[in-house]
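Throw the hints in and build the complete structure from the sequences for me.
Sequences listed follow chains A and B, in order. Counted the way the working numbering counts, the first sequence spans residues 1 to 347. Counted the way the working numbering counts, the second sequence spans residues 1 to 347.
Hints are supplied without guarantee of correctness; some may be wrong.
Because identical chains cannot be distinguished in the list, a pair is counted as satisfied if it fits within a single copy or across any two copies.
What the hints assert, rightly or not - Below, in silico cross-link-like pairs of lysine to aspartate or glutamate (EDC-like), each with a Cα-Cα straight-line distance of 20 Å or less:
#1 102 <-> 71
#2 129 <-> 271
#3 281 <-> 244
#4 291 <-> 244
#5 257 <-> 284
#6 192 <-> 271
#7 129 <-> 10
#8 183 <-> 141
Quick caveat, the hints were computed from the structure, so don't treat them as lab data.
2 protein chains.
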Amino acid sequence: MRIRYEQEKDIISNVLTSLGANDEEARVSAEVLAEGDVRGFTSHGISRLSNMIRKIKSGKIKTNVAIKITEKLPAVALVDGNHGLGHPVALEAMKISIQKAKSYGISSVGIYNTSHFGIAGYYVEQAMKENLIGIVSCTTDPMVHPFGGGQRLFGTNPIAIGIPHKKHPILLDMATSTASAGKIGEFRKMGKEIPAGWGVDKNGNPTTIPKAALAGALSPFGGYKGSGLSFIIAILAGPLVNAEYGSRVKGDYEIDKYATKGDFMITINPEAFVSRKDLEKHIEHFIDELKSSPNALGSDEILYPGEREYRTRRNQLETGITLPDWIWDDVEATAKEFGLEKNLLLT
Amino acid sequence: MRIRYEQEKDIISNVLTSLGANDEEARVSAEVLAEGDVRGFTSHGISRLSNMIRKIKSGKIKTNVAIKITEKLPAVALVDGNHGLGHPVALEAMKISIQKAKSYGISSVGIYNTSHFGIAGYYVEQAMKENLIGIVSCTTDPMVHPFGGGQRLFGTNPIAIGIPHKKHPILLDMATSTASAGKIGEFRKMGKEIPAGWGVDKNGNPTTIPKAALAGALSPFGGYKGSGLSFIIAILAGPLVNAEYGSRVKGDYEIDKYATKGDFMITINPEAFVSRKDLEKHIEHFIDELKSSPNALGSDEILYPGEREYRTRRNQLETGITLPDWIWDDVEATAKEFGLEKNLLLT
Numbered sequence: 001m002r003i004r005y006e007q008e009k010d011i012i013s014n015v016l017t018s019l020g021a022n023d024e025e026a027r028v029s030a031e032v033l034a035e036g037d038v039r040g041f042t043s044h045g046i047s048r049l050s051n052m053i054r055k056i057k058s059g060k061i062k063t064n065v066a067i068k069i070t071e072k073l074p075a076v077a078l079v080d081g082n083h084g085l086g087h088p089v090a091l092e093a094m095k096i097s098i099q100k101a102k103s104y105g106i107s108s109v110g111i112y113n114t115s116h117f118g119i120a121g122y123y124v125e126q127a128m129k130e131n132l133i134g135i136v137s138c139t140t141d142p143m144v145h146p147f148g149g150g151q152r153l154f155g156t157n158p159i160a161i162g163i164p165h166k167k168h169p170i171l172l173d174m175a176t177s178t179a180s181a182g183k184i185g186e187f188r189k190m191g192k193e194i195p196a197g198w199g200v201d202k203n204g205n206p207t208t209i210p211k212a213a214l215a216g217a218l219s220p221f222g223g224y225k226g227s228g229l230s231f232i233i234a235i236l237a238g239p240l241v242n243a244e245y246g247s248r249v250k251g252d253y254e255i256d257k258y259a260t261k262g263d264f265m266i267t268i269n270p271e272a273f274v275s276r277k278d279l280e281k282h283i284e285h286f287i288d289e290l291k292s293s294p295n296a297l298g299s300d301e302i303l304y305p306g307e308r309e310y311r312t313r314r315n316q317l318e319t320g321i322t323l324p325d326w327i328w329d330d331v332e333a334t335a336k337e338f339g340l341e342k343n344l345l346l347t
Numbered sequence: 001m002r003i004r005y006e007q008e009k010d011i012i013s014n015v016l017t018s019l020g021a022n023d024e025e026a027r028v029s030a031e032v033l034a035e036g037d038v039r040g041f042t043s044h045g046i047s048r049l050s051n052m053i054r055k056i057k058s059g060k061i062k063t064n065v066a067i068k069i070t071e072k073l074p075a076v077a078l079v080d081g082n083h084g085l086g087h088p089v090a091l092e093a094m095k096i097s098i099q100k101a102k103s104y105g106i107s108s109v110g111i112y113n114t115s116h117f118g119i120a121g122y123y124v125e126q127a128m129k130e131n132l133i134g135i136v137s138c139t140t141d142p143m144v145h146p147f148g149g150g151q152r153l154f155g156t157n158p159i160a161i162g163i164p165h166k167k168h169p170i171l172l173d174m175a176t177s178t179a180s181a182g183k184i185g186e187f188r189k190m191g192k193e194i195p196a197g198w199g200v201d202k203n204g205n206p207t208t209i210p211k212a213a214l215a216g217a218l219s220p221f222g223g224y225k226g227s228g229l230s231f232i233i234a235i236l237a238g239p240l241v242n243a244e245y246g247s248r249v250k251g252d253y254e255i256d257k258y259a260t261k262g263d264f265m266i267t268i269n270p271e272a273f274v275s276r277k278d279l280e281k282h283i284e285h286f287i288d289e290l291k292s293s294p295n296a297l298g299s300d301e302i303l304y305p306g307e308r309e310y311r312t313r314r315n316q317l318e319t320g321i322t323l324p325d326w327i328w329d330d331v332e333a334t335a336k337e338f339g340l341e342k343n344l345l346l347t
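Here's what the structure looks like:
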């Protein structure tokens, strides 16, 4: 199905408001999910709404929440999200990080007692809008085996890093698994095998059968290097910020449990190092050089991080967002189950 | 050949002192190089000494250098290394970062006008000794093609991240290329083909022939994700810190040119977030869980980042460091060329 960006935001916002979220919570969660879908990350868009509805109904995501901020040293804060919606909690935390980075040059904010926050890149972009560099990562439910291991122990532990630039905003936003569970699910629906290296079966053996990988574990990207990065994120967005580690991490899949995942952010003020004008100019020249570098065989174009997603975003803002039918069917079914279907009316 | 750790340090220190380095410069450079070799990173050990000798002789690495520090905001510093030896310059920068992280909770220091600094992990360890988390990266001579491209544009742009722990210090120290040029050189010497995905030839086509890859370009690790990470590091340790980008980056290979590479460090004080005791305990439990997770087929053990290198270090501190003969032959030849052979006497 196809849905307009503003329409998707309205629907999500209406659903959340009817469940008790205040205007700001509803607005922010709706915007983050729509931003996921509009740039093609359909695994991080409205597809998450069903679980959010269920967890709000079960009391394991709370609405109308005030976060609690602890500041032991001036450039750092630790945020207790009080089990609120992950999106507004993370946005508030990023606003703190932005203010601190402006004052001190760099800052870090950690978050615990919070739920899934959608695409990490959204929060990085808030820093980029203020001409700051953002780094945002989080832990998720265990789905990925460590390098050398055969069972789920790490989350997909994404990391997003953004560098502001007027013409070429750079935004790397990636999971530390080779492919997402959502992507493997698509191969399954198409009846296709997945490439080698994407996952292992229940016994820890490499598999190209989507169903087997989904029952087993996803593989980390880039061998021991990506696995190491995922492990580091598991600690930074885990025990460092008072959140859980390893198999104890709960994201948004278990309806009747509070999430125990964590978020970790760093914000850097480039003007603490060099002038904005020089940085803009040098990045532009670097990207010119990247673009004029010869392509590899079979490659049409060298892309910098974020370029593809921003193109998709521009296109889908015009044409509407294409969503797999199963996502909409699932949202509809859950809405009906809880008597929320009037909020889904497409206008 | 085999050399004792202390012996290697003495030799390097003596050579550098005889070339005009002051005691601290000689001591630090010697220690960093020996630390590379002792943990098995022979591409980052005494194998670098020949180039250092040549660049000091040509005036493109300066000795007896005072760094210049600019502080625009309290938690950040930018260091002009005045073309000194990369190791002592980076150590001084890390000391600044450590002090700032203790005061503010997080800090960042950038460095330009500096030369190759050896293993990034050495500086991270200085933070770890102070119970701080360290992140250190740098740019290097272009050797790696971007994802989708077929020619050298990125350095091997390493990143090291360390988390202090009494029993299990964690230290991820990796290049963002799949394999190092040194490793590919070893395959060449053994007359073996390299695995697919390590490099491309001069025309940008994937190759398994070591010589062709060394004449072409190394491949980034982990496809577009590793390539994206390398690009981000190229900016953070490049234009952000007043250093060069892309093909303009010079490391230590060109004898008659100043290096134009840059370094970028972040130091985090964990106690700004949680108690040291809690963090120690949770990391220990997480590693227990990692170690008791089932192995993949063909894997004997799941290692956490740094574990293998620290084992190698402990072993080689006892048995002596094994160096490929060509490395020692090269050091000897260069020392003779410049009349420095008396410094190489093994005692």
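We went through each hint and held it up to the structure:
1. 102 <-> 71: both (16 Å within a copy, 14 Å between copies)
2. 129 <-> 271: within (14 Å within a copy, 30 Å between copies)
3. 281 <-> 244: between (42 Å within a copy, 12 Å between copies)
4. 291 <-> 244: between (42 Å within a copy, 17 Å between copies)
5. 257 <-> 284: neither (47 Å within a copy, 25 Å between copies)
6. 192 <-> 271: Close neither inside one copy (49 Å) nor across copies (49 Å); limit 20 Å.
7. 129 <-> 10: neither (24 Å within a copy, 52 Å between copies)
8. 183 <-> 141: Answer is within: at 17 Å inside a copy they meet the 20 Å cutoff, but 36 Å across does not.
Hint check: violations occur at hints 5, 6 and 7; the rest are consistent with the structure.
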